[in-house]
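S.K.: As a plain string of letters, each chain reads:
Number of protein chains: 2
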Amino acid sequence: MTIHPAPTDAAPAEAFKAGMALLAGAVTIVATDGPGGRAGFTATAVCSVTADPPTLLVCVNAGSSAAPAFAANDQVTVNVLTPDQAAVAQAFGGKTPMAARFGAGWVPGSSGAPVLEGSLVVFETRVVERKRMGTHDVMFCRVCAVHVSSATPQAAVWWNRAMRTLA
Amino acid sequence: MTIHPAPTDAAPAEAFKAGMALLAGAVTIVATDGPGGRAGFTATAVCSVTADPPTLLVCVNAGSSAAPAFAANDQVTVNVLTPDQAAVAQAFGGKTPMAARFGAGWVPGSSGAPVLEGSLVVFETRVVERKRMGTHDVMFCRVCAVHVSSATPQAAVWWNRAMRTLA
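Read top to bottom, the protein sequences are chains Y and Z.
Going by the numbering used here, the first sequence opens with residue 1, and the numbers climb by one from there.
Going by the numbering used here, the second sequence opens with residue 1001, and the numbers climb by one from there.
To be clear, the hints were calculated from the coordinates, so they are not data collected in a lab.
Treat the hints with caution; some may be incorrect.
[What the hints assert, rightly or not] Listed next, the stretches of chain Z that the computed footprint assigns to chain Y, with coverage defined by at least 3 CB atoms under 8 Å from CB atoms of chain Y:
| hint | stretch |
| --- | --- |
| 1 | 1022-1028 |
| 2 | 1039-1050 |
| 3 | 1090-1097 |
| 4 | 1118-1126 |
| 5 | 1142-1154 |
| 6 | 1158-1167 |
Don't be surprised by glycine CBs; every beta carbon is placed ideally from N, CA and C.
The following block holds chain Y by itself, in its conformation from the complex (with noise of 0.2 Å):
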C-alpha cells in the first residue's frame, strides 16, 4: 500500500482526491427550479440518510454556477441515471451554461423541480436543512415522491475517473 502519512491534522488534497477517485458512486443529476431560477448539477455525493423520515442528502459545491439556485430553492430532485444517459451527466458536469443543460426529456416535478424522464430512479425532495463544510453545502432532503423505472434497471457508475455500468 503507497502511504501518504500525516504530517499535519490532514491529509494532502492530493491523497484524498487520489483515495475518493476510487470510491464508487452512482451518477446523478440534481436539479432545482423556484425562485433562485433553474438550475442543476452532475453529483456523484449523494446518499441515504434515513428512511424514518425519508431523507437523503448531496453536497454542493458552494462556488459553483449551480450554488445560488440550490440556496435559494428549497424544491431539489435527484435523477439516478442509467449508461443511457451519459450524455446528460457531460452537459451537467462541465462548463456548460446552464440555459443550456436543460435539453429534452426535462419536465416539471409535482414540486415544479425538473425531473429527466427516462431515468432510472427520480426522488423528489425538499430541503429541510443546510450544513456548510468547507467548500460545498451539504442539502439535507426530505424524500417526497420517488418514481422508479420500470425498465430493466440499468445504472451509471463513476469509478476510476471512467463511467461504468451495472445491470
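Mind docking chain Z on chain Y? Use the hints.
M.R.: Coordinates of chain Z only, in the frame set by chain Y:
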C-alpha cells in the same frame, strides 16, 4: 415509471427504500477503536464532502450495536472493499457479535483505529462533528491519512440488492 405520490409531506418508507436500492454505493467497512471500544459496520452511505480541508461523511444507524462506540470515539477509518473482501462485508453487515467481526487482516492504523489490509483504499479520519437526522447520525470526518492499494484496482459495489464488481 411507477409513481408513488406523496399523500403527506413524505414518501412512504417502502418507496424510499425501493428507490435507494437502485442508488449504487461503494461497499465499505467503517471502523473505530478508543475509549468506547472497538466496533465496525458495513456501510454504503459514505461520501466525499470537501477536499479543503479533506472531509468525508458517514451515516450510522443510531440504534445499531456499533453506534455507542462511534458516539464515544473520534478515530474512525473508512475501508473501501475489493470484491475479494465480500466475506468481510457479510461479517460486518449482519448480527455477528462485535467481538467476532474483526478477523484476520485488521491492524491498528496510525490513530489506533482498525485498518483492513488489502482494502482498495483506507481513509484514516477524525470525527469533527456529528449531526442527528431521524434514526441516523451523520459523522463528518476529517481525513488525516489515505492508503491506496498498489494492486490493480477492483471495487465492490452494492446495487439492486446484490454485490457487484467494478474492474
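S.K.: So, for every hint listed, does it hold in this structure?
M.R.: Comparing the hints with the structure gives:
{"no.": "1", "hint": "1022-1028", "verdict": "holds (count 6)"}
{"no.": "2", "hint": "1039-1050", "verdict": "holds (count 7)"}
{"no.": "3", "hint": "1090-1097", "verdict": "violated (count 0)"}
{"no.": "4", "hint": "1118-1126", "verdict": "holds (count 6)"}
{"no.": "5", "hint": "1142-1154", "verdict": "holds (count 10)"}
{"no.": "6", "hint": "1158-1167", "verdict": "holds (count 4)"}
Checked against the numbered hints above, the structure violates only hint 3.
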